[in-house]
Every structure is written in C-alpha cells, then in structure tokens.
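Take these sequences, add in the hints, and give me the full structure.
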Amino acid sequence: MGRSVDAVLFDIDETLIDLQAAMGSTLQAVSATDLTHFSAADWEAYTSLFAADPQGHYDAYLAGRVGFADQRVLRLQHAREEAGLAPLDSDAARAWNDAYEQTLPQYFQAFDDVVPLLDALEARGIAYGAVSNNVHDYQRAKLDAAGLERIKVLVGIDTVGVAKPDPAIFHEGVRLLGSTPQRSAYVGDNLVVDGIGAANAGLLGVWLDRADNPSPVRTDGAVVPPEVSSIASLGELLDLV
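For what it's worth, full-length UniProt numbering labels the leading residue of the sequence shown as 1, then goes sequentially.
One thing to keep in mind: the hints can contain errors.
To be verified - Across the chosen pairs, the derived CB separations fall in these ranges:
1. R175 to A45: 38 to 46 Å
2. D91 to E122: 43 to 51 Å
3. A123 to A63: 25 to 33 Å
4. A63 to H37: 20 to 28 Å
5. Q106 to Q182: 37 to 45 Å
6. Y138 to A83: 22 to 30 Å
7. V223 to A99: 39 to 47 Å
8. D59 to A123: 21 to 29 Å
9. A232 to R150: 23 to 31 Å
10. E227 to D144: 18 to 26 Å
11. G56 to Q106: 25 to 33 Å
Hints were generated in silico from the structure; no laboratory data involved. These numbers come from a predicted model, not from an experiment. Heads up, the beta-carbon is just placed ideally off N, CA and C, and yes, glycines get one too.
Here you go:
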C-alpha cells in the first residue's frame with residue numbers, strides 16, 4: 001500500500017482501450033486496393049507508424065492548428081509515404097476518412113485488465129473517472145462502445161479548454177470525483193503527458209508501461225523520474241493505492 005488515495009483518474013486511449021488494435025483493424029477494413037499486397041508485417045509497421053504519429057499531427061490538432069479529420073489524414077499520408085505509396089488526392093482522402101470514422105467504433109475494446117481493476121476499486125470504495133486529450137462526446141461514445149459505460153466521470157479537452165499536461169484538466173477530474181490532488185492518482189500510457197503531467201499537478205502520477213502491449217508513444221530508454229510510479233499492468237495499481 002502506498003499513498004492514501006480515494007480517487008483514480010485514467011487516460012483512455014492505450015490505457016483503458018486498445019486504440020492501436022482498433023486502428024489496425026480499421027485501416028485494413030477500409031484499405032485501398034493498392035494495399036492488397038501488404039503482408040502481416042507490413043500491416044503491423046503501417047499501423048504502428050499511423051498510431052505513433054511521429055510528425056506530431058495530433059499535437060497540432062490539440063494546439064488548434066489543424067482539424068481532427070485533418071490530423072488523421074495527415075497521419076495516413078505519412079504512413080503511405082513511408083510505405084512507398086502515392087498520397088491520396090483530396091476526394092479520396094475525404095472518402096477514406098468518412099469510411100474510417102464509421103468503421104473504427106466497431107473495433108473499440110477495453111484491455112483485459114480494465115474491468116477487474118474497476119471492480120477492485122469499487123470494492124475498496126475508490127472513485128474513478130477518465131481525463132482525455134480528446135473532446136468529451138467523442139470519448140464518451142468510445143467508452144460506451146467498449147463496454148465501459150460504468151465510467152461516469154469524464155473530462156475532455158473541451159470541458160475546461162486545455163489539454164494534458166495542463167494541471168487544470170487533471171484538477172477538474174479530481175473535483176468531479178469529490179477529491180483533492182493529494183488524494184488522487186492518474187494513470188496513463190504517456191510518461192510525459194500523463195505520468196509527469198499528473199505529478200506536476202499534485203496527483204500521484206502513474207505511468208502504465210504495458211509489458212505485453214507497449215504504447216505507440218513509448219520511448220525506449222525513457223527515464224522515469226522519482227515522482228512518477230511505473231506499472232506494467234493495471235492490476236499493479238492496487239499495490240500503489
């Protein structure tokens with residue numbers, strides 16, 4: 001047992017929901033005819049690049065420089081370029097994005113360790129919720145599609161007008177759970193945005209570094225600062241709270 005905690009907040013993508021797997025299934029389902037030659041290894045590399053977003057297009061969306069659909073298409077075009085494929089023209093890109101948006105929710109699934117952890121938190125009387133770097137309604141629909149309707153408290157970037165790692169978004173989640181930063185934990189797969197960001201906001205910052213399913217934003221050799229705890233599965237959180 002570690003720090004006294006009565007509230008836990010979670011990141012959603014790659015923490016509660018296996019978004020990369022959903023992305024991979026969707027990319028294959030809506031793939032153009034010029035990807036039919038892809039092997040399983042090709043698809044894995046293509047999906048990993050799309051999910052990792054090394055050019056920072058999603059960050060540009062968070063900063064208000066591009067739209068949500070635009071960042072997704074830019075990530076696709078980069079993945080296509082790296083695969084030696086020609087870029088999609090504007091009409092094809094728009095059609096691809098529409099198909100992707102309609103198909104993706106079919107593949108949302110919670111990681112296997114999510115429900116057992118939520119059961120255990122409830123048994124201990126620990127409140128829980130989610131704080132996400134996406135808009136509230138989009139993430140609400142995602143949680144529901146993945147069978148996580150029980151997560152009632154949800155804060156999105158449009159809830160308070162800022163994104164992680166701004167302390168205000170963590171503090172709003174804490175407020176909605178009726179706790180304080182000092183008695184709350186935040187768990188996420190991004191060491192900097194989630195773990196360090198939460199710690200800087202006064203919460204117990206917990207970096208989820210899944211041993212069997214590394215995050216697409218994971219950096220090899222990352223140094224975990226002493227103010228952040230690291231776990232390899234969600235079940236390990238119970239040893240910290």
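To see whether the hints hold, each was checked on the structure:
no. : hint                     : verdict
1   : R175 to A45: 38 to 46 Å  : holds (42 Å)
2   : D91 to E122: 43 to 51 Å  : holds (49 Å)
3   : A123 to A63: 25 to 33 Å  : violated (41 Å)
4   : A63 to H37: 20 to 28 Å   : violated (37 Å)
5   : Q106 to Q182: 37 to 45 Å : holds (41 Å)
6   : Y138 to A83: 22 to 30 Å  : holds (28 Å)
7   : V223 to A99: 39 to 47 Å  : holds (41 Å)
8   : D59 to A123: 21 to 29 Å  : violated (38 Å)
9   : A232 to R150: 23 to 31 Å : holds (24 Å)
10  : E227 to D144: 18 to 26 Å : violated (34 Å)
11  : G56 to Q106: 25 to 33 Å  : holds (28 Å)
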